[in-house]
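A.B. asks: Spelled out, the chains give:
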Amino acid sequence: MDRLQLATLLSWAGEGGFRGRKRLQKVVFFLQEAGCSLDCRFILHNYGPYSRDVADACDEIVAAGLVDESYDDSSGYVQYTYSLTQFTRELLQRTPDPRMQRFEAVGRGLINEDLRTLELGSTILFFFRQCKNWDEALEGACKFKKVSQDTSPSLTALKLARRIEAWASN
Amino acid sequence: MSDKVFRDPLYNYIAFDRKRDGWLIELIDCPEVQRLRRIHQLGVSHFTYPGAEHTRLGHSLGVAHLMQLVLDHLTRACRAAKIGGARQALLAAALLHDVGHGPFSHLFEPCLEIKHEKWSVAIIKDETTQVHKVLKGQNEYLPDHVADLIDSISTRHPAWQRALMSSQLDVDRLDYLRRDSLFTGADYGHFDWYRLLTTIQFHDNETDLVWPAKSALAIEEYIFARYYMYQNVYFHKTTRGFEQLLQAMWNRAKTLRQAGEDIDANPVLRRFWSHGSSEPEKVPVSDYLAVEEFTVLDQIERWTEHKDKSLADCARRFLERKGLAKVDPPPPVNPLTARDTEWEGELHKLLRQKRYDPPEMYCLADKLDQKYLLPYFEEKEPENQTAVNTIRVLLDGKLQTIGEYLPRLKAVIAKQADRIAYYVPKEIRKEAEVLSERLRKARNSK
Numbered sequence: 001m002d003r004l005q006l007a008t009l010l011s012w013a014g015e016g017g018f019r020g021r022k023r024l025q026k027v028v029f030f031l032q033e034a035g036c037s038l039d040c041r042f043i044l045h046n047y048g049p050y051s052r053d054v055a056d057a058c059d060e061i062v063a064a065g066l067v068d069e070s071y072d073d074s075s076g077y078v079q080y081t082y083s084l085t086q087f088t089r090e091l092l093q094r095t096p097d098p099r100m101q102r103f104e105a106v107g108r109g110l111i112n113e114d115l116r117t118l119e120l121g122s123t124i125l126f127f128f129r130q131c132k133n134w135d136e137a138l139e140g141a142c143k144f145k146k147v148s149q150d151t152s153p154s155l156t157a158l159k160l161a162r163r164i165e166a167w168a169s170n
Numbered sequence: 001m002s003d004k005v006f007r008d009p010l011y012n013y014i015a016f017d018r019k020r021d022g023w024l025i026e027l028i029d030c031p032e033v034q035r036l037r038r039i040h041q042l043g044v045s046h047f048t049y050p051g052a053e054h055t056r057l058g059h060s061l062g063v064a065h066l067m068q069l070v071l072d073h074l075t076r077a078c079r080a081a082k083i084g085g086a087r088q089a090l091l092a093a094a095l096l097h098d099v100g101h102g103p104f105s106h107l108f109e110p111c112l113e114i115k116h117e118k119w120s121v122a123i124i125k126d127e128t129t130q131v132h133k134v135l136k137g138q139n140e141y142l143p144d145h146v147a148d149l150i151d152s153i154s155t156r157h158p159a160w161q162r163a164l165m166s167s168q169l170d171v172d173r174l175d176y177l178r179r180d181s182l183f184t185g186a187d188y189g190h191f192d193w194y195r196l197l198t199t200i201q202f203h204d205n206e207t208d209l210v211w212p213a214k215s216a217l218a219i220e221e222y223i224f225a226r227y228y229m230y231q232n233v234y235f236h237k238t239t240r241g242f243e244q245l246l247q248a249m250w251n252r253a254k255t256l257r258q259a260g261e262d263i264d265a266n267p268v269l270r271r272f273w274s275h276g277s278s279e280p281e282k283v284p285v286s287d288y289l290a291v292e293e294f295t296v297l298d299q300i301e302r303w304t305e306h307k308d309k310s311l312a313d314c315a316r317r318f319l320e321r322k323g324l325a326k327v328d329p330p331p332p333v334n335p336l337t338a339r340d341t342e343w344e345g346e347l348h349k350l351l352r353q354k355r356y357d358p359p360e361m362y363c364l365a366d367k368l369d370q371k372y373l374l375p376y377f378e379e380k381e382p383e384n385q386t387a388v389n390t391i392r393v394l395l396d397g398k399l400q401t402i403g404e405y406l407p408r409l410k411a412v413i414a415k416q417a418d419r420i421a422y423y424v425p426k427e428i429r430k431e432a433e434v435l436s437e438r439l440r441k442a443r444n445s446k
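Going down the list, the sequences are from chains A and B.
Letter by letter, the first sequence follows residues 1 to 170 in the numbering used here.
Letter by letter, the second sequence follows residues 1 to 446 in the numbering used here.
Think of the hints as simulated: they come from the structure by calculation, not from any bench.
A couple of the hints might just be wrong.
Said to hold, decoys possible - Stretch by stretch, here's where chain B covers chain A in the computed footprint (C-beta under 8 Å, at least three residues): (1) 2-12; (2) 29-40; (3) 52-58.
Said to hold, decoys possible - Non-contacting residues of chain A with respect to chain B, defined by C-beta distances greater than 12 Å in every case (computed): (4) Glu113; (5) Thr151; (6) Lys159; (7) Trp167.
Since the model is a prediction, treat every value here as computed from it, not as a measurement.
We put the beta carbon where it would ideally sit given N, CA and C, even for glycine.
Turn these sequences into a full structure, and let the hints steer you where they fit.
C.D. replies: Structure representation (structure tokens):
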């Protein structure tokens, strides 16, 4: 994922900035699975698919002074927020990324998705990529995340995973 | 029955118990493992550091030795049964983790368009290989278990097993930092490795691996050793120049091959390329394993007489050790985009004037990804931290990342912005630098 792609993705979060590194991991995973060529290598961590490439790209764009990082732990857990600088916003306006355009609507949808749905949904899709069977993927992911399979959150997460998979197939 | 003993410059003796681990000695004798004897551990670093002639075999034996030590420690320190079940697979994974490496290790991977990790997995799983047969002779499921431990995407086995093999502080790194330091003569890779191996402990219901706070200084030493080795050895500008040259040469050959021109490929490479893909699913393992460093050097020698002038020129430059020179580009106009078209255009113009054709063969952009320059990466959000991506110490029952515990480390582990360097023929370095300076001044004045 290069700077232009990441800046474009972060810009979709709007004025308040992009909240959470974990959310960023899952959104990038889904976008990549949807066919967006971001070239990030994911492995499975406790909270679902995780890519060092995403974490690196995020820290790098901050180090380059193109994105501001802020930190908040007032709610009891640590959360980082990423906002484009004014200079970066202007650059993006001058050089929009044609590779990302097709994914804007799905990307915006994912950014606003419930974090737990993103977590479980991405884990289901990760398992599906290995076993190619939705029932097995749901079972594997729920066992991995230690949640029940037949609850509403699990089924919502499954629906999200299937939607992204269908989107990729089209 | 006596131990099988290897003399090793790092550990003096590496010993394997013939009675208990005779199968491991059989594994070492497999042709796929012996092939590692002919692969330079550090690619073309011996162009810069003449002593860096060590191979993947010595490193693999070292990693197996360290795995043996850490497993013995964990067996003594916790439930032996927990380790016992995984011991064989972990030792085999340590020995075989690099079995898929091709000529000149990492640096040549883009030339062959391969990922060594995928090939390691393929070689272990392929029923025709000797390593597969030896593993299967021990246990029907052993080849898959070993392959899973090497395949970083696999989740079939507990995280602690994967962390020992591949994490921010694993047996692979513990060996190569010290070994590379010793053989290059760049005397930086010193740290208390024995303490790191013998203080590691299970945590969180024996699912996680951490260190006690008393080992923090040994971890700090290790991180600094990595920092110095990256700065001085792994990303040395001369070595990078030869890596760029080698890659440009092979890209040129690919372009010519795709255009239907005869590139005078030797029989081994012709067979490897005949499959139309370099993926393990398409290429028989035997055809991949046949591609050795001497195959590559033979091919480069052939190209010195090729009718394509730039291919022949690059081949000669490589064999005669006439590398490229590094030039820093001017600050970019648009830092969001990777390429600086104005600067590259000016450089191409200069190269054409000097009759370097095609100019893109002699103007090589080297994006130095900070991911590989950083001695240690620490994930920031606690929920994303695991034994694989963050080194943590245990203090009064609570986990802290090493960066939190020793804030002074931030000076070396803080992320830097990526940089691009350019490599051009040494003969025009001065003129390229003048060009870069002119553009820098023009841009700064805007």
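A.B. asks: Each hint: holds or not?
C.D. replies: Tested hints:
Counting residues of the stretch 2-12 of chain A whose C-beta sits closer than 8 Å to any C-beta of chain B gives 4, which meets the bar of three, so the coverage hint holds. Only residues whose C-beta sits within less than 8 Å of a C-beta in chain B count toward coverage, and the stretch 29-40 of chain A has 0 of them, not enough to reach three; the restraint is violated. Interface restraint, the stretch 52-58 of chain A with chain B: holds (4 residues with C-beta to C-beta distance below 8 Å; minimum three). Distance to chain B confirms Glu113(A) as a non-interface residue, since its nearest Cβ pair spans about 17 Å, more than 12 Å.
The claim that Thr151(A) lies off the interface holds: its Cβ sits roughly 21 Å from the closest Cβ of chain B, which is beyond the 12 Å cut-off. The beta carbon of Lys159(A) is kept farther than 12 Å from every beta carbon of chain B, the shortest such distance being approximately 23 Å. Remark: the non-interface label on Trp167(A) is consistent with the geometry, its nearest Cβ contact in chain B lying 22 Å away (cut-off 12 Å).
Checked against the numbered hints given earlier, the structure breaks only hint 2 and satisfies all the rest.
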